[in-house]
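Chemist: With the sequences and hints as input, model every part of the structure.
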Amino acid sequence: MDAFFLISKLIGFVVSPANALILLLLLGVATLRWRFGRRLAALATVLLVVCGLSPLANVLLAPLEQRFPRWDAGRGLPDGIVVLGGAIDNAAFARTGDLALNEAAERMTDAVALARAYPAARLVFVGGSSGLVDSGATEADAARAFFARMGVAPERIEVEDRSRNTVENAAFTKALVQPKLGERWLLVTSAWHMPRAIGCFRAAGFATEAYPVDFRLPGQGTLWPFFFVSDGLRRLDLASREWIGLASYYATGRIDTLFPAP
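Position one of the sequence shown corresponds to residue 1 (my numbering), numbered consecutively onward.
To be clear, the hints were calculated from the coordinates, so they are not data collected in a lab. Incorrect hints may have been included.
Simulated pairs of lysine to aspartate or glutamate, DMTMM-like, Cα-Cα distance not exceeding 25 Å [stated by the list, open to error]:
1) K174 to D237
2) K180 to D161
3) K180 to E155
Computed Cβ-Cβ distance ranges for the label pairs, DEER-style [stated by the list, open to error]:
4) V49 to G221: 20 to 26 Å
5) L23 to A94: 28 to 34 Å
6) R149 to L27: 44 to 50 Å
7) P218 to V46: 35 to 41 Å
8) R116 to L27: 52 to 58 Å
9) R70 to L27: 40 to 46 Å
10) A148 to S54: 23 to 29 Å
The beta-carbon is built from N, C-alpha and C at its ideal position, and this holds for glycine as well.
Modeler: In structure tokens form, the structure reads like this:
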């Protein structure tokens, strides 16, 4: 396990807004006998409510989701379709054999639709195991089973099962498919993850066209508040992780620009 992967996971846990605020609250509770502790606990409580109910998460998520427009099918047929992992619970698949999709399920369902719409295009699923502990199966293993269940011919499915983050997604996929000059490849991933994904594929020298899915912004608008604190904090964690990911990838030279654009 390389140092960057381990450090990124540990930092991701600490800087997650929900985790950070809970740690702050616990510190305040542990020091309640002092005025400092009481103020800290009160501050953490207020921030939890504000971050959970206010539209802050949507404000942070909007630029990410709106950075790349929806793909225009009128531009011509694609030669290949690259689908990034992140939508399947590979641990559950390893344990029970069941296929459990999460909130990013559109990565998989849209991939099936694209595979049917463009039967001549190559279909490549990208995703190993991103956890610190080996679950016994990669996401690629579960993806093979999912696509087969959806009626996609097994011989058509190509998988890259070693990558653990977006940088490796790009580098290992390019090595696998060896794209030729002039070919058109679609990159299917969540809209909020698309800027970082495109940045990594560009840095790897693999030209792809964005096919964003899994939009999270509410139809009522960016400034619509949340009804449940848990919903707001979960989305805030999501947006914060992407912004931190963009900043860290740019600072370490893994992407060429801080906020990749079309």
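Chemist: Taking each numbered hint in turn, which are not upheld by the structure, reported in ascending numerical order?
Modeler: Hints 1, 7, 10 contradicted; others consistent.
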